[in-house]
Amino acid sequence: MMGNPAAGVHEKERTKPLSHVIEAQQFDRELLAKLFDVTREMENVKRGSPDAEALKGYIMATMFYEPSTRTRLSFESAMSRLGGFVLTTENAREFSSASKGETLEDTIRTVEGYSDIVVLRHFESGAAKKAASVAQIPVINAGDGPGQHPTQALLDTYTIQRELGRLDNIKVGLVGDLANGRTARSLAYMLSKFDNIKIYLVAPDVVKMGDDIKEHLTQSGVDWEESDDLQEVAAACDVVYQTRIQRERFGDRVEDYARARGRYIVNRKIMDCMKKDAVVLHPLPRLDEITVEVDSDPRAAYFRQAKNGLFIRMALLKMLLVGW
Amino acid sequence: MMGNPAAGVHEKERTKPLSHVIEAQQFDRELLAKLFDVTREMENVKRGSPDAEALKGYIMATMFYEPSTRTRLSFESAMSRLGGFVLTTENAREFSSASKGETLEDTIRTVEGYSDIVVLRHFESGAAKKAASVAQIPVINAGDGPGQHPTQALLDTYTIQRELGRLDNIKVGLVGDLANGRTARSLAYMLSKFDNIKIYLVAPDVVKMGDDIKEHLTQSGVDWEESDDLQEVAAACDVVYQTRIQRERFGDRVEDYARARGRYIVNRKIMDCMKKDAVVLHPLPRLDEITVEVDSDPRAAYFRQAKNGLFIRMALLKMLLVGW
Amino acid sequence: MMGNPAAGVHEKERTKPLSHVIEAQQFDRELLAKLFDVTREMENVKRGSPDAEALKGYIMATMFYEPSTRTRLSFESAMSRLGGFVLTTENAREFSSASKGETLEDTIRTVEGYSDIVVLRHFESGAAKKAASVAQIPVINAGDGPGQHPTQALLDTYTIQRELGRLDNIKVGLVGDLANGRTARSLAYMLSKFDNIKIYLVAPDVVKMGDDIKEHLTQSGVDWEESDDLQEVAAACDVVYQTRIQRERFGDRVEDYARARGRYIVNRKIMDCMKKDAVVLHPLPRLDEITVEVDSDPRAAYFRQAKNGLFIRMALLKMLLVGW
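Residue numbers (our numbering), protein chains in the order written: chain A, 30 to 353; chain B, 30 to 353; chain C, 30 to 353.
Source of the hints: derived by calculation from the structure; they are not laboratory data. Take these hints with a grain of salt, some might be off.
Given that identical chains are not distinguished, each listed pair holds provided it fits within a single copy or across any two copies.
Computed list of lysine to aspartate or glutamate pairs in DMTMM-like fashion (alpha-carbon distance at most 20 Å, straight line) [stated by the list, open to error]:
id: 1; residue 1: Lys237; residue 2: Glu277
id: 2; residue 1: Lys336; residue 2: Glu131
id: 3; residue 1: Lys227; residue 2: Asp252
id: 4; residue 1: Lys243; residue 2: Asp145
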């Protein structure tokens, strides 16, 4: 997963900087900086302005093989904010249903006749790469099973840049389910591209961060340590990135889940330890790992972070469809 | 349910006459008159005219936690007729699915980042009020379980005004399931705001109108009586408002259902008793409580009534998004 | 099914050449020629041109009583490419659900209040005709159960015209499930309108072409024969129209299915027999009845055929809504 960014990505990738968005690893510092510039412009697109019609006449197809209403709405809103049309497929599994059995490649070849860009959510790791390998139009990976969810990684990184004004010289606490949570893993990977980063890993025993990411951090020169003291970490960090403990990972180990879930909670007390200009992020949805009392704190940035997802997706759609 | 209209509604309500549409009780005679003026204008919006782009660039999110294709299509058509964009969510329950468990408040805070107005259909009474209490954009209640369905009440009232030319000095027969049917209950409530109203209640024994509404009518000075003679009532009324006996209310009491369902039917014979300028309304869908032979009678106004739902919703979207 | 084209179709049909699209039989050679002219224009509609706004302000409702994502997306893309709005209903069965029980006629009368054209997919043969009989707006049949799927027949015919430059004087091999596959049956019917046609029928024993079509071909002066030698047929034909053997037709006769499915495969060897300017068509989706190695052959026209579905539907929407 951490190998050559271009490996397996469609041939056109080499002649144009951004043909598809398949995995977070495609984005080096330079491309990230460009993306974030365009994203910032997207924040200022005014209703009724020519910018709000930048994608007029373009059609985006959202092909979701598993439901993810939040991600779908974010992409569809992004396309609409730029004046484009949307074709929605929430039950894309129908294409490959038992009685029909079409391959993903054939489906893509058909759907690309109807649209100008495809946003693909799939249950199988590698599906987006496979789709991009046959598509003659851009493909954006909106999550492929246990694989990648690059637009989430990009919006998380953008939010840190937007909130702190920098991505170098920061201390970040990753908290919660670091074993399964793909967002925390991706963020760790993205941060490894920047200078003078310190990462604290705060996870219940059963869901510790995997060795692959730890090794990558070490090789990239990132200073990291594991901790079981959220209060101490919160006091040291510029960013506390909280994540949800996912019940479905625990099967019938109900007690393990309950223990893990209650272990590290961001509440008023944790906020009181944090620096004045630090922020709390969360990929959402949240359960009770951030208490509701925190919402009104100006350092609670998670709903701003969700909104940044809109701007990142507007920027990607614009860059892929009309360039920059 | 009949208390202070403003109770529990979002704070902004007090400074602007229409911030959200949560319950029919929000609408006093003055606001109704204004709404009906705008609705009448909506009937005349011509394709290709500037009015048909009044909401260009605005985004409406329909968040349906239970299916209601008819209501959803009506709202989406209304938004399209005014040039706006639509984000559709028919499976909004996914937001709060077992494995995720997000609160409605958090969902609204996320979705309001993607849209300019939310149309919410929910299975729990009070959900719309809860949504409006956190939303920074307008929320329209498109039905919340056994609670309110204000746009239906408004379109029913508008239809009477539109068909008869008045809302004072009318005699209305409410027929069918008056115990469970929320439309008949809401219409009785709306009519209580007007002068010199007579209401006849015609319902099978098992689904009689509740005492709360009867008391409200009495307190509001509305003359009402119960009757079991549909023919007599039809002869006296300006409006016969027929409703469907809902099978699901009867569980396994199949005989009770059959008896109630066949009790009061609007057919040719009933039409022959009615006044020349009276009208038959029905919130739709209908089964056989109005026979198909009635459809061609000019006094059969129920499909015009359904179409008025479009105009009422256009008017509400316009009033909430760009004012009036 | 092969009777008077106008039988049962809505009255308006007689005063205007195209009021609804219900069945392939509506299209005589003259109307087909006109449709194909408009379709060819649709291929050249440029983004941002006035042609791309030909249906601006119009609303199309797709009412699908059974899923068919491919057909739905094609129609919705067509409407978007011409600047129109789309209302989507993938679960239209909800209208007639047990607890509600609305008739199709009532549903259409309601939905026509919200839209300017209805695209109907239904599970019952004759549903589209029934809908058109009450609708005051155009209805397009997007497949009604075992009945008709006229836009597929039209796009298949258009593709032959587009690929070969003619519809007279051609030899066509229909291959696969000719008993159940409605596309092959419809194509045979359409071809019977043209001159000097030769049709080869190549089907496993259990799914041979029905006698009704064979009789119709004979009566129309079409030369046809059955064959069990795909190689020989491929060598003789201008068009090989391959179809999928549908597993659901075989129930638990698993062996029959396996035998039928493997019987006639279009592969490299078959392609080697074919004429240089012949083409392979397939209504899609395909399983393995055309091997993937064939895809790169320029005579493999099935993805172009799928794309032609877009242009045919654009042309129909334009002709029905604004004329030609």
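Going down the list of hints, with the structure as the test:
1. Only within a single protomer do Lys237 and Glu277 lie at most 20 Å apart by alpha-carbon distance; the minimum there is 16 Å, versus 47 Å between protomers.
2. Taking the shortest Cα distances, Lys336 and Glu131 sit within 20 Å of each other only across copies (17 Å), while inside one copy they are farther apart (36 Å).
3. In this homomeric assembly, Lys227 and Asp252 come within 20 Å of each other (Cα to Cα) only inside a single copy, at 5 Å, whereas the closest approach across copies is 76 Å.
4. With identical chains, the CA atoms of Lys243 and Asp145 are never at most 20 Å apart, being 39 Å at best within one copy and 42 Å at best between copies.
Against the hints set out earlier in the document, a violation occurs for number 4 only.
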